[in-house]
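Each chain, written out:
2 protein chains.
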Amino acid sequence: MLGKLLLPEVRELIASGDESTLRDILSRWSPADVVELFDELSDDEDLAGMQMMSGPQRARVFEYLDRRSQMHLLGALPSESVRSLLNEIADDDRTAILGEFSESEQKRLLMLLSDEQRVIAESLLTYPENCIGRLMTPHFVAVLPHWTVQHVLDHIRQHGQDSETLNVVYIVDNDHKLIDDLRIRKVLLAKPTQYLSEILDNNFVSLKVHDSKRDAVEIFRQYDRTALPVVDEVGKLLGVVTIDDVIDIAEESATADMQKLGGLEALNEPYDTTPLLTMIRKRAVWLVVLFLGEMLTATAMGFFEVEIAKAVVLALFVPLIISSGGNSGSQAATLIVRALALGEVGLKDWLRVFRREVISGLALGCTLGMIGFTRIALWTTFSNIYGPHWFLIGLTVGFSLIGIVLWGTIAGAMLPFALKRIGLDPATSSAPLVATLVDVTGLIIYFSVAILLLRGTLL
Amino acid sequence: MLGKLLLPEVRELIASGDESTLRDILSRWSPADVVELFDELSDDEDLAGMQMMSGPQRARVFEYLDRRSQMHLLGALPSESVRSLLNEIADDDRTAILGEFSESEQKRLLMLLSDEQRVIAESLLTYPENCIGRLMTPHFVAVLPHWTVQHVLDHIRQHGQDSETLNVVYIVDNDHKLIDDLRIRKVLLAKPTQYLSEILDNNFVSLKVHDSKRDAVEIFRQYDRTALPVVDEVGKLLGVVTIDDVIDIAEESATADMQKLGGLEALNEPYDTTPLLTMIRKRAVWLVVLFLGEMLTATAMGFFEVEIAKAVVLALFVPLIISSGGNSGSQAATLIVRALALGEVGLKDWLRVFRREVISGLALGCTLGMIGFTRIALWTTFSNIYGPHWFLIGLTVGFSLIGIVLWGTIAGAMLPFALKRIGLDPATSSAPLVATLVDVTGLIIYFSVAILLLRGTLL
Numbered sequence: 012m013l014g015k016l017l018l019p020e021v022r023e024l025i026a027s028g029d030e031s032t033l034r035d036i037l038s039r040w041s042p043a044d045v046v047e048l049f050d051e052l053s054d055d056e057d058l059a060g061m062q063m064m065s066g067p068q069r070a071r072v073f074e075y076l077d078r079r080s081q082m083h084l085l086g087a088l089p090s091e092s093v094r095s096l097l098n099e100i101a102d103d104d105r106t107a108i109l110g111e112f113s114e115s116e117q118k119r120l121l122m123l124l125s126d127e128q129r130v131i132a133e134s135l136l137t138y139p140e141n142c143i144g145r146l147m148t149p150h151f152v153a154v155l156p157h158w159t160v161q162h163v164l165d166h167i168r169q170h171g172q173d174s175e176t177l178n179v180v181y182i183v184d185n186d187h188k189l190i191d192d193l194r195i196r197k198v199l200l201a202k203p204t205q206y207l208s209e210i211l212d213n214n215f216v217s218l219k220v221h222d223s224k225r226d227a228v229e230i231f232r233q234y235d236r237t238a239l240p241v242v243d244e245v246g247k248l249l250g251v252v253t254i255d256d257v258i259d260i261a262e263e264s265a266t267a268d269m270q271k272l273g274g275l276e277a278l279n280e281p282y283d284t285t286p287l288l289t290m291i292r293k294r295a296v297w298l299v300v301l302f303l304g305e306m307l308t309a310t311a312m313g314f315f316e317v318e319i320a321k322a323v324v325l326a327l328f329v330p331l332i333i334s335s336g337g338n339s340g341s342q343a344a345t346l347i348v349r350a351l352a353l354g355e356v357g358l359k360d361w362l363r364v365f366r367r368e369v370i371s372g373l374a375l376g377c378t379l380g381m382i383g384f385t386r387i388a389l390w391t392t393f394s395n396i397y398g399p400h401w402f403l404i405g406l407t408v409g410f411s412l413i414g415i416v417l418w419g420t421i422a423g424a425m426l427p428f429a430l431k432r433i434g435l436d437p438a439t440s441s442a443p444l445v446a447t448l449v450d451v452t453g454l455i456i457y458f459s460v461a462i463l464l465l466r467g468t469l470l
Numbered sequence: 012m013l014g015k016l017l018l019p020e021v022r023e024l025i026a027s028g029d030e031s032t033l034r035d036i037l038s039r040w041s042p043a044d045v046v047e048l049f050d051e052l053s054d055d056e057d058l059a060g061m062q063m064m065s066g067p068q069r070a071r072v073f074e075y076l077d078r079r080s081q082m083h084l085l086g087a088l089p090s091e092s093v094r095s096l097l098n099e100i101a102d103d104d105r106t107a108i109l110g111e112f113s114e115s116e117q118k119r120l121l122m123l124l125s126d127e128q129r130v131i132a133e134s135l136l137t138y139p140e141n142c143i144g145r146l147m148t149p150h151f152v153a154v155l156p157h158w159t160v161q162h163v164l165d166h167i168r169q170h171g172q173d174s175e176t177l178n179v180v181y182i183v184d185n186d187h188k189l190i191d192d193l194r195i196r197k198v199l200l201a202k203p204t205q206y207l208s209e210i211l212d213n214n215f216v217s218l219k220v221h222d223s224k225r226d227a228v229e230i231f232r233q234y235d236r237t238a239l240p241v242v243d244e245v246g247k248l249l250g251v252v253t254i255d256d257v258i259d260i261a262e263e264s265a266t267a268d269m270q271k272l273g274g275l276e277a278l279n280e281p282y283d284t285t286p287l288l289t290m291i292r293k294r295a296v297w298l299v300v301l302f303l304g305e306m307l308t309a310t311a312m313g314f315f316e317v318e319i320a321k322a323v324v325l326a327l328f329v330p331l332i333i334s335s336g337g338n339s340g341s342q343a344a345t346l347i348v349r350a351l352a353l354g355e356v357g358l359k360d361w362l363r364v365f366r367r368e369v370i371s372g373l374a375l376g377c378t379l380g381m382i383g384f385t386r387i388a389l390w391t392t393f394s395n396i397y398g399p400h401w402f403l404i405g406l407t408v409g410f411s412l413i414g415i416v417l418w419g420t421i422a423g424a425m426l427p428f429a430l431k432r433i434g435l436d437p438a439t440s441s442a443p444l445v446a447t448l449v450d451v452t453g454l455i456i457y458f459s460v461a462i463l464l465l466r467g468t469l470l
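Those protein sequences? They're chains A and B, same order as listed.
Numbering of the first sequence is given in my numbering, commencing with residue 12 and proceeding in unit increments.
Numbering of the second sequence is given in my numbering, commencing with residue 12 and proceeding in unit increments.
Possibly wrong hints are sitting among the right ones.
Identical copies go unnamed one by one, so any copy, or any two together, can satisfy a pair.
Listed next, the in silico DSBU-like pairs over lysine-lysine satisfying Cα-Cα at most 30 Å (straight line) [unchecked claim]:
1. K359 - K247
2. K118 - K359
3. K431 - K118
4. K293 - K431
5. K431 - K202
6. K247 - K197
7. K321 - K431
8. K118 - K188
9. K321 - K188
10. K321 - K293
11. K359 - K197
12. K359 - K293
No lab work stands behind these hints, which were simulated from the structure alone.
All values derive from a computational prediction rather than experimental measurement.
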């Protein structure tokens, strides 16, 4: 807001190189506001602006930038600025950025760090990309149970500056094993003379360093905490994860699931910064797989070529009938994929879901079947397009719809369970994949019903 | 974890009515763990368990339950327990639950509240359901700028007990207008003798009480805060919203978007607790709309009945060709809907997106077109199914695919923009809706190309 109003002034200050005035103005803004301003400026102006800011603010602003801008700045800034940036930004952000670089680039950047920071960065990078270790920071406040509340407050004042969060303090024993986490609330509400051992309850939730990032989202959701401790196999406190990272992960996994449901590989970066070729490739893969699968429809139709030649009217309803199967399957698959992702249903619930979906499929199929039959009956009163056997054609369309919608619903609901059961991602059961599966079988159902009902009349 | 191990013991304690032992055991658990245990117990056991817990713990556990269980308990517990529960639970949870009841029930429940709590609950219920007012709690710590840090700490210790969060304190002027918010970090790191006016920077972000819940998600994401203040039109501090509520909203909106993209109305409650009839209705609405739209395919096919009768082979490729248009449209729509929801692209970017999608559509269309042509050429070397004019048929299929995939991609990418432009939800452009739109036009493209290329030979 503020940023956009002052845009021309800031542009001029950058152009004229008036460092002290710019630094003075920007120092009064929050990092998020500076980033909003930078979004309006050109890459070159961003670069100049970054160099003019004070070190600590530069680091805060850098943390709020999107990954693409971060990578660009690290390539474009003079190495002295890169050094100070990398030494000052939060550990979890640094790990995420370094993880984007090739191994040799990573080594070069690690060499810019101070000894202390390099040890931290290297140890965090040893964790696999998808696990909680990559999200944590080893900067937290750890205290001992025999301390008083006043002692804790004094300790925080002297040593808390570098801690990622001061909303929670961690109580450890002499082996650095986690005993409890105390929300700052409890410390602030307690009498200064109280011992921690009197207010702790040994009741804490922790993340395992090798758990997946998605697990972290689940546990944060369940326990309503703003920060959670991360421990190793024997319970030693390694770091903390804060909730701001977790919101991003929750949104990223929802995005990836949505894109898979839409029938493409997850982009893993924003739409507008994904290189065009990468995006086309990620879409082409599935589009070609689906196309190859859908080719079976031409084969299936080929089997019924004689019937189509005898009764061309049958061909007219093919798109209507198979799309209904695809649509009902897409609905069912979407519902189940999301319910599985949120833990609302699990693998063990498949039979219960199956029963629900059979009822839903029958109800939906009968609805569409009746509409389909009515449509044919209505048209017949106005024109002769369906000939003397319109009643039988109507029945064929109606019964086929019941069968195909029921089948589409069941297939769409069960495919995510099947994929999860064999260890694949349920979100792969996209609307287009389910539609393709259902199209081929839908044709077979439709023409089988037709042969059954129309033999001796049209066929 | 713990809960499941002790399940038989807890069952027995509930059955035998051994209140003091049960209360003793449960008091050592966190609310989230008690809820996990309750999930394993029957509704009657939950009810008995709730009555045996101490008042404050009962309230915390109640807050963690899902909405269905909460409603059930409020109906089943004796009114004395309901009274103590409603008076003790957090304001935002209470507002959400009361909002679920009919007006007369709501009045009855409000009468159970103490005068003080009733005033709060009634004022929060006046805000519309989808706005931030419904999420906030009026319990926060407000301090004055001329106070010292020590004064703030003493104030918190005496009056902070009821505050929803102590991670942030709010600085107001004498008119209760918000001047700044201070993370507790800053307070803890400052010298006790410092005045707040020395450490505040007047740089804060606030939510407007009438903003939408989705706006809150966006602002929390952007500013990495654990709590944000809510102000009225003139900047008076009304309450605070904490981040735990916001994660739930982010996931709920992602779920709703996904369900709309899957071609059904958003359920707005978990899959397994949605009544079957409600779910069928929410799916039937869109399924019927799509079915009615898809009926146009039968009409379109009817226009080309003569051509199909002359060259039945054309009918064989209808499902293959129209599904490719639907699939590419589904991909494009999914990408754009999510990018719009996350703010990665905005309405003003439509032309840039259009250009990208034209290139993508052409590339994807050519890929499928070539595969389609190759398939027909290959089959011809093995069989005579496509007759002497296989080459022309191949060209027809190939060129139609280029046109249809291009058209599907453009339609899928532009529909979300169009919906947003006229004030509708972009997520309504579901895979099935786009597929339906593209099916009719796809048939027209296909048969037009066929008439153009096959006139004089097959047609």
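A quick look at each hint next to the structure:
| no. | hint | result |
| --- | --- | --- |
| 1 | K359 - K247 | neither (34 Å within a copy, 51 Å between copies) |
| 2 | K118 - K359 | neither (47 Å within a copy, 41 Å between copies) |
| 3 | K431 - K118 | neither (38 Å within a copy, 46 Å between copies) |
| 4 | K293 - K431 | both (22 Å within a copy, 26 Å between copies) |
| 5 | K431 - K202 | neither (52 Å within a copy, 55 Å between copies) |
| 6 | K247 - K197 | both (23 Å within a copy, 28 Å between copies) |
| 7 | K321 - K431 | neither (45 Å within a copy, 47 Å between copies) |
| 8 | K118 - K188 | neither (32 Å within a copy, 51 Å between copies) |
| 9 | K321 - K188 | neither (80 Å within a copy, 81 Å between copies) |
| 10 | K321 - K293 | neither (43 Å within a copy, 40 Å between copies) |
| 11 | K359 - K197 | neither (40 Å within a copy, 49 Å between copies) |
| 12 | K359 - K293 | between (33 Å within a copy, 26 Å between copies) |
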